[in-house]
Amino acid sequence: MIAELGLAALWLAAALAFLQMVAGALALRTGPDGEIAQISRPSAVVQGTLALVSFLALLYVFAVTDLSVELVAANSHSMKPWIYKVSGAWGNHEGSMLLWVTVMALSGALIALVEKRLPERTMQATLAAQGFVALGFYAFLLLSSNPFARLEPAAAEGLGLNPLLQDIGLALHPPTLYLGYVGLSVAFSFAVGALITREVTPDFARVMRPWVLVAWVFLTLGITAGSYWAYYELGWGGWWFWDPVENASLMPWLAATALLHSVSVLASRDALRVWTIMLGVVAFSMSMVGTFLVRSGILTSVHAFAVDPERGTFILFLLAIYIGGALLLFALRASTIAEGKRFAVASREGALVVNNVMLSAILAIVLLGTLYPLLTEAFDVRVSVGPPYFNPVSAIFAIPMFAIMAVGPLLRWRRDRWGRIGKEVVLIGALLIAGLTAIGLLADIAFLPLLGLAFALTLGIASFLPLRGRRLLKTPLATWGMVIAHFGIAVALFGMASESAFSTERLAALQAGQDTTVGPWRVRLAAVEPQAGPNWTALAGRMVVRYEGDAPVEIAPMARSFWAPAQQTTESELVTRWNGQLYAVLGGEAQDGRWQIRLWWKPFVTFIWYGGGLIALGGVLSLIGRVVGDIKRRRVRRRVDERREDAEAFA
Amino acid sequence: MNWRLWFPIAAFTGFLAVAAYSLSQPKDDFVRSAMIGEKLPYFELPSAVEGRPSVTSANFADGRPRLLNIWASWCLPCIAEAPQLAELERRGADIVGIAIRDKPEDIAAFLDEHGNPYSSIGRDDVSEVQLGIGSSGVPETFVIDGDGVITYQHIGDVRAPDVPVLLEELRKAGA
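Which chain is which? The protein sequence lines are A and B, in order. In this text, residue positions in the first sequence follow the working numbering: the first is 1, and each later residue adds one. In this text, residue positions in the second sequence follow the working numbering: the first is 1, and each later residue adds one.
These are calculated hints, taken from the structure and not from any lab test. Cβ atoms here follow ideal geometry from the backbone N, Cα and C, with glycine treated the same way. Hints are supplied without guarantee of correctness; some may be wrong.
What the hints assert, rightly or not - With the Cβ distance kept under 7 Å, some of the chain A side facing chain B (calculated, not the full set): (1) G325; (2) V383; (3) G386; (4) P387; (5) S394; (6) I396; (7) P476.
Unchecked claim - Away from chain A, derived, C-beta distances all over 12 Å, residues of chain B: (8) N2; (9) T13; (10) I36; (11) G37; (12) E44; (13) L45; (14) S54; (15) A61; (16) W71; (17) G92; (18) D94; (19) I95; (20) S119; (21) D157; (22) L167.
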């Protein structure tokens with residue numbers, strides 16, 4: 001009954017998306033005051049509500065493990081811990097697509113309810129575009145991936161959840177990324193709306209910016225969490241593999257980062273109009289290309305849990321319509337958009353343009369590396385592109401970008417002289433050279449990590465320079481946001497460079513009672529013991545580890561065997577100190593009763609994810625600053641309007 | 001009309017074409033290579049694992065057919081094919097590995113994690129052998145007969161259905 005209710009709500013939501021699209025499109029002809037224009041906003045609101053009802057219905061059938069629903073039977077299990085039962089609702093293709101459209105519909109409802117700043121014509125076009133995009137996803141769900149399909153007769157027991165996915169981090173990972181993707185879809189709709197009415201104004205940028213910020217914050221969190229998940233769950237000790245799926249999440253982030261900066265230029269200076277529109281389209285297309293690459297299974301990946309060529313065809317079809325359509329519109333319309341304001345090379349805009357170019361170049365490199373195997377496969381040649389390509393090639397563009405990041409925020413808008421910030425530039429240059437020399441002399445490390453460390457040091461200090469001479473409490477939150485996000489980049493860069501330069505690894509075969517060392521750690525294997533969990537059994541290697549003179553700590557990395565479905569995973573164990581992590585994995589048993597142990601000491605590796613957290617925090621601060629500012633401005637405007645009305649009434 | 005504005009859609013159309021084409025293609029691993037039927041070019045590679053013999057083209061001309069596996073520890077499909085290589089080894093195949101642009105510690109870690117089906121592994125740090133035998137990617141698996149002649153090339157990861165195919169090719173090469 002609940003499942004049918006969910007399905008009915010989903011069909012109705014699709015119908016309303018259609019209505020929203022048609023009403024918005026017709027309103028472009030009849031004008032924003034016509035009767036038809038009154039329909040779009042309410043349909044968006046009701047559509048959002050219905051999608052939410054549908055998603056809650058899905059959560060319900062998963063929470064009670066209703067095994068007469070095919071999706072539940074295929075992905076859940078009555079013995080699974082409750083939290084994973086619920087998160088199982090989106091740990092599969094159908095459920096995650098439903099989550100996606102729900103968040104998208106709710107965002108549509110939100111803009112329909114509160115957004116009054118744009119010209120109503122642009123708003124109608126935006127809602128039409130939003131309805132159009134949503135409609136495609138509803139069609140996808142209803143026609144090829146119905147999450148509420150019944151199973152007749154009901155299954156006696158579920159088939160479980162992929163044990164690799166049975167993890168709290170992963171319960172949160174896909175929704176986080178989807179929130180990011182959806183934010184980009186809203187930005188996309190705004191871009192298309194503005195392209196249709198040719199009204200690319202600073203107001204448009206101010207309306208779009210919070211959505212880009214939301215998307216960017218969630219994408220940042222998603223990537224950070226995903227990287228940490230791969231780090232401790234896969235048990236390979238690495239934190240980034242340039243896997244197609246990781247790239248699929250990185251590419252929208254790169255595009256969103258570029259968009260975030262260009263939308264700021266548009267909002268403050270009314271420049272980069274066409275470029276911002278273009279990035280709005282590209283950012284969303286990257287999230288769809290990513291989804292396509294992951295779901296279609298045309299690339300080999302460790303994340304191949306949701307592969308289905310038929311669905312791939314459907315996504316490609318949607319991709320062709322939306323992105324193809326938007327780019328066609330762009331090609332036809334962009335030249336008719338009035339040129340924005342001009343600016344000098346030595347200006348904040350100039351620095352932001354360089355940043356945009358570098359980000360776009362890295363995006364192109366990652367995209368090319370990800371698609372290259374696809375391209376060669378069309379000629380029957382299969383290849384795998386790995387770190388030997390991605391690391392150095394993306395560094396070529398990342399390094400000038402870090403330099404610009406240090407200097408750019410110090411420049412003034414429109415026109416500036418290098419001489420004005422001469423002292424700061426000299427300081428930054430001196431820091432960089434001192435860092436390179438000192439680290440290069442003290443430690444024998446490879447060139448890229450050396451550059452990384454020196455830039456991390458420089459950027460870490462330079463990121464706070466924009467605050468000099470300001471009263472810190474009066475500094476706008478958005479500025480604080482920028483400072484903290486840039487500092488986060490420096491922190492993450494430090495973590496990455498340090499991990500790659502100073503990690504030490506130890507492979508040992510130990511008998512119970514024997515010990516070994518890795519870096520400053522002494523590790524003793526106490527015993528290997530069987531353990532049992534709710535749906536797995538495991539061998540746990542109890543180890544006593546001690547950092548130099550500190551008190552010993554006991555850890556127990558495991559090799560787990562799940563039984564539904566039957567699968568083996570390694571559960572690595574981490575000991576976190578302020579200056580790094582010890583990473584321990586229990587391997588197989590050797591013939592002579594010894595156990596394979598893998599140990600890593602990774603100095604400052606945690607800074608990678610602290611940095612990611614800081615970057616997201618910067619985004620959140622900036623978002624709060626912008627939204628609060630908007631609300632204040634709106635209130636002031638209303639008060640001014642009221643006074644004027646009063647004055648007119650008196651007159 | 002600004003012609004530069006058509007760049008994005010042109011690039012996108014290219015992407016669509018490639019994506020649509022690869023979706024429409026059944027995954028077909030049957031590939032003919034120009035190097036099939038040719039003798040292995042001369043090479044000498046240092047061993048990737050300390051204390052093991054080096055890998056030279058002369059090793060292959062001793063009358064015993066072998067599999068030559070091009071792989072790397074940084075390559076994800078190589079992880080996917082590890083169980084199949086182990087299966088091949090269990091069924092009597094002699095597998096020589098060539099690690100492409102790799103580091104000894106990474107190789108050791110990979111072998112520790114995913115098993116070592118190789119009788120010997122050479123380090124090809126500049127893709128010298130890889131290019132010499134006409135392999136354009138990682139992973140690839142070649143069948144070399146007892147005279148050191150390449151008789152079969154498998155491109156991409158070895159999947160379960162490929163195991164009997166490779167064993168048959170080895171048999172044909174004189175095992």
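Checked hints:
| no. | hint | result |
| --- | --- | --- |
| 1 | G325 | 10 Å, violated |
| 2 | V383 | 3 Å, holds |
| 3 | G386 | 4 Å, holds |
| 4 | P387 | 5 Å, holds |
| 5 | S394 | 15 Å, violated |
| 6 | I396 | 18 Å, violated |
| 7 | P476 | 34 Å, violated |
| 8 | N2 | 4 Å, violated |
| 9 | T13 | 7 Å, violated |
| 10 | I36 | 14 Å, holds |
| 11 | G37 | 19 Å, holds |
| 12 | E44 | 23 Å, holds |
| 13 | L45 | 18 Å, holds |
| 14 | S54 | 23 Å, holds |
| 15 | A61 | 28 Å, holds |
| 16 | W71 | 10 Å, violated |
| 17 | G92 | 21 Å, holds |
| 18 | D94 | 22 Å, holds |
| 19 | I95 | 19 Å, holds |
| 20 | S119 | 19 Å, holds |
| 21 | D157 | 7 Å, violated |
| 22 | L167 | 21 Å, holds |
Checked against the numbered hints given earlier, this structure breaks hints 1, 5, 6, 7, 8, 9, 16, 21; the rest are met.
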